Every structure is written in structure tokens, then in C-alpha cells.
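Residue numbers (the working numbering), protein chains in the order written: chain A, 7 to 489; chain B, 2 to 133.
Rather than coming from a laboratory, the hints here were simulated on the basis of the structure. These numbers were taken from a predicted model, which means no experiment stands behind them. Please note that a few of the clues may not be correct.
[Stated by the list, open to error] The list that follows gives simulated cross-link-like pairs (lysine-lysine, DSBU-like), each with its CA atoms no further than 35 Å apart:
(1) K277/A / K119/B
(2) K277/A / K267/A
(3) K113/B / K126/B
(4) K277/A / K126/B
(5) K263/A / K277/A
(6) K267/A / K30/A
(7) K424/A / K119/B
(8) K126/B / K444/A
(9) K424/A / K263/A
(10) K119/B / K30/A
(11) K424/A / K113/B
(12) K136/A / K424/A
(13) K113/B / K30/A
(14) K126/B / K267/A
(15) K119/B / K437/A
(16) K30/A / K277/A
(17) K444/A / K136/A
(18) K267/A / K119/B
(19) K424/A / K126/B
(20) K113/B / K277/A
(21) K119/B / K444/A
(22) K277/A / K437/A
(23) K424/A / K437/A
(24) K263/A / K30/A
(25) K444/A / K113/B
(26) K30/A / K126/B
(27) K437/A / K136/A
(28) K424/A / K444/A
(29) K437/A / K126/B
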Amino acid sequence: MNLNTDMAVNRITDDIWEIPLSEKPGMLVPARIYATREILQAMDSGVFDQVTNVACLPGIRRYALCMPDGHWGYGFPIGGVAAFDVQDGVISPGGVGYDINCGMRLIRTDLTLADVQPYLETLLTELFRKVPAGVGASGFLRLSGEEFAQVMTHGARWCVERGYGWHRDLVRMEEGGCIEGADPSIVTDHAIQRGINQLGTLGSGNHYLEVQVVSNERIFDPVTAAALGITGHEQIVVMVHCGSRGFGHQVASDYLKVFEKAMRRNGITVKDQQLACAPFRSPEGQEYFSAMNCAANTAFANRQVITHQIREAFATVFGQSAEALGMELVYDVAHNIAKVERYAEGELVVHRKGATRAFGPGSPELPETFRQTGQPVICGGSMETGSYLLVGTDQAVRDTFGSTMHGSGRTMSRAQAKRTVRGEQLQQQMKQRGILVKAVSMSGLAEEAGLAYKNISEVVESVDRAGITKKVAELRPIGNIKG
Amino acid sequence: MADTAFEAQGESVEEVFRGATQALLESMANPVTVSGGWERAIERTDVDPSTLLFDWLSEVVYWKDAAGVVFREAPLTLTREGDVWLLRAGLIGAPVDQQTQELHADVKGVTKHRYELKQTGGSWKVIVVLDV
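Could you put together the complete structure from these sequences and hints?
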């Protein structure tokens with residue numbers, strides 16, 4: 007098999023591949039990659055190198071994992087999952103990423119394509135106006151330091167209590183949109199100043215807000231889909247992809263620096279500076295975990311304020327309240343986070359970086375709403391090709407620390423994408439195919455062209471076949487807003 | 002792969018600082034399209050010029066979000082007194098304006114991936130990877 011690595015990569019099943027301990031000095035556990043043979047062959051060399059670097063970190067349990075959307079990241083590969091014992095293991099900002107609690111949110115509607123098509127341009131203009139995007143964008147909320155501290159500790163709950171959302175939204179979010187253990191007192195003033203004015207903003211890069219359509223023929227599990235509010239018949243849904251903005255980025259930057267010093271003191275050596283880590287139980291480890299939870303809650307709040315703005319935009323354009331339009335939240339899920347969860351090995355700090363929690367129906371952590379279906383998993387594809395709604399499985403809990411893929415994964419660098427296609431040209435081509443795009447940066451738009459990404463359908467098929475998530479529906483884009 | 006990287010070279014460390022700073026400013030917006038009006042004077046010291054450059058670039062990213070600005074220029078001087086390197090820099094820019102400025106990427110952070118300021122032969126070089 008022709009791979010971008012010299013390491014031995016052994017077949018476990020058609021969708022699971024293992025790099026044994028013998029392939030790199032210092033590996034404490036084998037590395038496992040979830041992928042079809044074709045996806046594995048296309049993976050960049052960074053994935054193999056990085057997932058085996060992760061396998062060397064102290065206290066890692068069972069496997070260092072990479073999902074089929076995996077590609078090179080900082081320290082951990084994007085698509086990486088690793089679990090460390092809370093007693094003798096580490097926590098690493100590189101295993102979470104700069105954009106703490108970057109995640110996906112899906113909102114359903116009762117509207118159909120026929121309802122929306124005549125007003126699509128108007129709707130996108132209104133959404134573009136209400137949800138600021140791009141470099142340095144600030145939101146409509148002006149918070150005091152005290153209020154921002156409450157956002158850090160209460161997350162989406164803070165928003166709902168102030169009228170930016172509905173109480174029933176909260177049950178349809180990972181952790182109810184609020185993770186406990188967030189301590190604002192250990193967050194730097196720099197982080198606060200970077201984020202305090204950014205609630206309700208998208209950012210740039212691969213972040214987006216997308217209006218999508220669900221057709222009957224692209225619903226794979228009608229019973230589960232119906233239970234999640236997805237009815238098909240050219241139904242309109244809205245997807246949001248963004249995270250904790252400048253606040254989370256600064257928390258990550260601050261603690262990478264702290265951890266460099268902590269590693270020297272704790273005698274920890276790593277294969278890559280971006281794998282800087284500290285024992286989970288150390289003062290630095292606990293402080294980062296708490297600061298990371300502040301950023302995670304801010305990200306939940308960010309997506310909640312954006313949801314409020316989306317609902318207002320739809321209400322303005324269609325002349326009905328968001329409730330009358332059936333704009334219920336389907337789910338909100340993180341894909342850059344570290345969390346303490348219980349598995350067969352005991353309590354573990356599970357790092358998911360570009361990977362999504364995927365708890366099955368049997369998971370006691372899930373609210374009653376999802377005990378029949380399993381936890382919804384939202385996977386964003388490129389803006390040209392479409393996205394997927396899936397559900398977690400009990401097998402994922404057994405095999406992958408309750409984790410699965412998060413998106414399609416890049417195959418082309420941003421620079422290469424910009425050399426291949428121009429933003430204005432791409433915008434025109436997409437319009438001809440029925441997808442309207444509003445973007446702050448045309449170069450940023452080119453970077454996100456569909457040709458820069460793996461085929462999401464192939465990626466989804468591989469996790470479906472591996473049994474760690476089950477596909478529910480495919481979501482086709484018709485309108486996209488980008489930073 | 003999902004990010005922006007640049008290499009800055011120069012005959013002195015100061016030239017590398019200037020080149021890296023210019024590349025960072027251009028990653029966020031086309032400086033020619035940014036007017037002035039917002040200014041900050043910044044002084045930083047460190048015994049390690051590599052750390053000093055990393056912290057300076059990170060500070061530029063910080064001001065982008067904290068002040069909601071993009072930048073036209075960042076004149077700087079770098080001097081050495083004994084073991085200590087002293088950076089004196091100015092940041093000149095304007096509040097973000099989507100109508101008049103050509104905006105690029107919203108940089109999240111300066112990373113340590115492949116980051117190294119080193120002297121090879123008679124010149125200095127640094128590789129910087131930005132998370133965007």
C-alpha cells in the first residue's frame with residue numbers, strides 16, 4: 007500500500023488501521039487511524055508523525071486515535087483523539103487547539119426551499135448584517151467585565167436568561183451549553199480584552215453560517231431524523247460553525263507558554279513544541295483546564311447569540327416569529343475540547359481536536375431527549391459540497407472514547423487553494439450552481455473552495471461502516487456567509 | 002495545512018523583525034487600504050531575540066482583536082544592550098472597515114510550529130506559521 011509514511015501501518019478492519027509501538031521510540035500505546043484504504047493513502051505525512059507523537063505522551067491510555075477527516079495540525083493532528091488518566095496523565099492545549107470549543111450548531115425550520123428561494127438574497131443580506139464576520143469584527147453586545155465573567159461561567163445559560171434564546175435550547179447542547187469548573191479569576195486580562203466585544207461573531211477561516219436544504223432522498227434514517235426535527239421535503243435548516251473567537255485563542259496562547267515552563271519543571275519532554283503539556287493534577291494543568299472551560303462556555307454563548315440573531319433575521323424576512331417558523335435547535339456540539347469522562351480504564355481526560363463527541367443511546371450522560379436516538383453529531387463539509395447530521399453510538403463509547411469525525415478535512419493548503427481558484431470566480435461558479443455566498447474576504451473564500459477538501463461523503467461512509475456514528479441525513483448548501 | 006506560513010530573511014535580526022512584522026500585517030489586511038488614526042507605542046525586552054519576536058508578533062495579533070483594528074504599518078527598531086535585546090515599535094492602523102479595507106485572515110495566534118529564528122552564514126531567517 008502506498009502511504010505518505012515509512013511506518014508500518016497494519017490493517018485491523020477495512021476502516022481501522024494500526025501503527026504498532028515498534029514504529030517510534032517512546033510510544034506508550036499504538037496509534038489507530040479510522041479511514042478507508044483510499045482515505046488513508048491520501049493522508050498527509052503529518053498525520054502519521056503527529057498521531058505517533060501523541061502516543062508518546064505521559065499517561066495516555068489504549069490508543070492515540072485519528073479520525074478519517076484527519077490532517078496535519080499543531081502538535082495533535084486535526085481529527086485527533088487521545089485520553090489520559092486523570093492521576094498520572096497530562097493535559098495539552100495542543101490537543102484542544104487554538105479555537106477552544108470550536109463547534110457546530112444546527113437549527114431546523116418549518117420552511118421549505120420553495121418558501122425561501124424567492125427571498126434567499128434578502129435573507130443572506132439580513133444574516134450578513136446581523137451576524138458580523140471577518141477580521142476584528144465585534145458583536146452588538148457591550149459587556150462589562152463582570153458580565154463577561156458570567157458568560158465564562160454560565161455559557162449559553164447566560165444568553166438564555168437574558169432573552170437571547172429559549173430555555174428548551176439548552177437541553178440540545180453538549181453539556182447543556184455550560185461546563186462546570188470554569189474560573190474566570192485565572193484568565194488573563196489579555197484574553198478578556200481580546201474577546202469581550204466578540205460575542206455573536208463568526209470569525210473567518212473555515213467558519214461559516216450556512217442555509218441548507220434536506221431532501222427526502224438524502225435522509226438515511228427517517229425515524230431518527232424525525233425524532234431530531236428533520237422532516238425532509240426540501241426542508242430548510244441553518245448550520246453554524248465557529249468557536250470562542252479571540253478569547254479562546256488567547257487562552258490557548260497564554261497556556262502554551264505556561265506549559266513550556268511547566269514541562270521543564272516536571273521533567274516532561276515531547277516530540278514537538280506544540281505538544282506542550284502538564285500533568286492534569288498539577289497547578290498548571292488544573293488552571294488550564296479551568297481557563298479552557300471558560301473559553302468553552304464563551305463559545306457556547308457565542309453560538310447562542312448567533313442563533314438569536316439568525317432567528318431575528320428569519321423573522322424579519324418572513325414576517326413571522328422564529329417560534330412560528332419552527333426554528334428549534336437540533337443540537338450544538340464541540341469539536342475542539344478536553345473533558346473528563348469515565349470509561350473502562352477509569353476517569354480520563356479525553357482530548358478531541360477536530361473530533362466530535364459521539365455518545366450512543368445507552369450513555370447515561372445524555373438527556374432524556376436523546377436516549378432513543380443517541381447524541382446528534384454535526385459534520386460540516388466544504389461550502390460547495392454539503393454537510394451531514396449523524397448520531398453517536400454505544401460502539402463509539404467502547405472503541406473511540408465516544409468520539410468520531412468533525413468535518414471533511416483539508417487536502418490542500420490555503421495557499422495552494424488560492425493559487426488554484428480566485429474568490430470572485432468561485433462565487434460566480436457557486437451562484438450558477440444555486441449556492442449564494444456572501445464573504446468579507448475574497449481570498450478567504452478561495453481558501454475554502456470545495457477542491458481544498460476531502461469528499462465528505464466518503465469520510466462519513468467510513469465512520470458509518472466502522473460503527474462509531476450512524477448517518478441520519480445529508481444537508482445541501484444554498485446560501486453561505488463567510489468571514 | 003489549514004494555515005498561513007511565511008519566511009522572513011535579512012542581514013540583521015532587525016531586518017527579520019521588519020520582514021516578519023510586514024508579513025503578519027499583510028496576512029490580516031492589505032496595509033495600503035488601511036488609513037491611520039489608531040496608534041500604539043510598544044517597548045519590549047528579552048535576552049532571547051527569538052522569544053522577543055514571537056511575543057511581539059503575538060502582541061500585534063492581540064491588538065487586532067482588543068482594539069478591533071487592522072494595520073497600515075509598524076515601524077520598529079531593535080537594539081542590543083549587553084545581553085538584552087530592546088524592541089521599540091509603533092503600531093499604526095485603523096478600526097476594521099469592510100467597505101474601504103481589503104481584509105484577509107482573522108489570525109488566531111502565532112504558533113511554535115517550525116518556529117525558529119536562526120543565523121545561517123551572514124544572514125538571519127525565521128519561519129512563522131500562523132493559525133488562521
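Please flag the earlier hints that this structure goes against, numbers listed from lowest up. Violated: hints 8, 15, 21, 22, 29.
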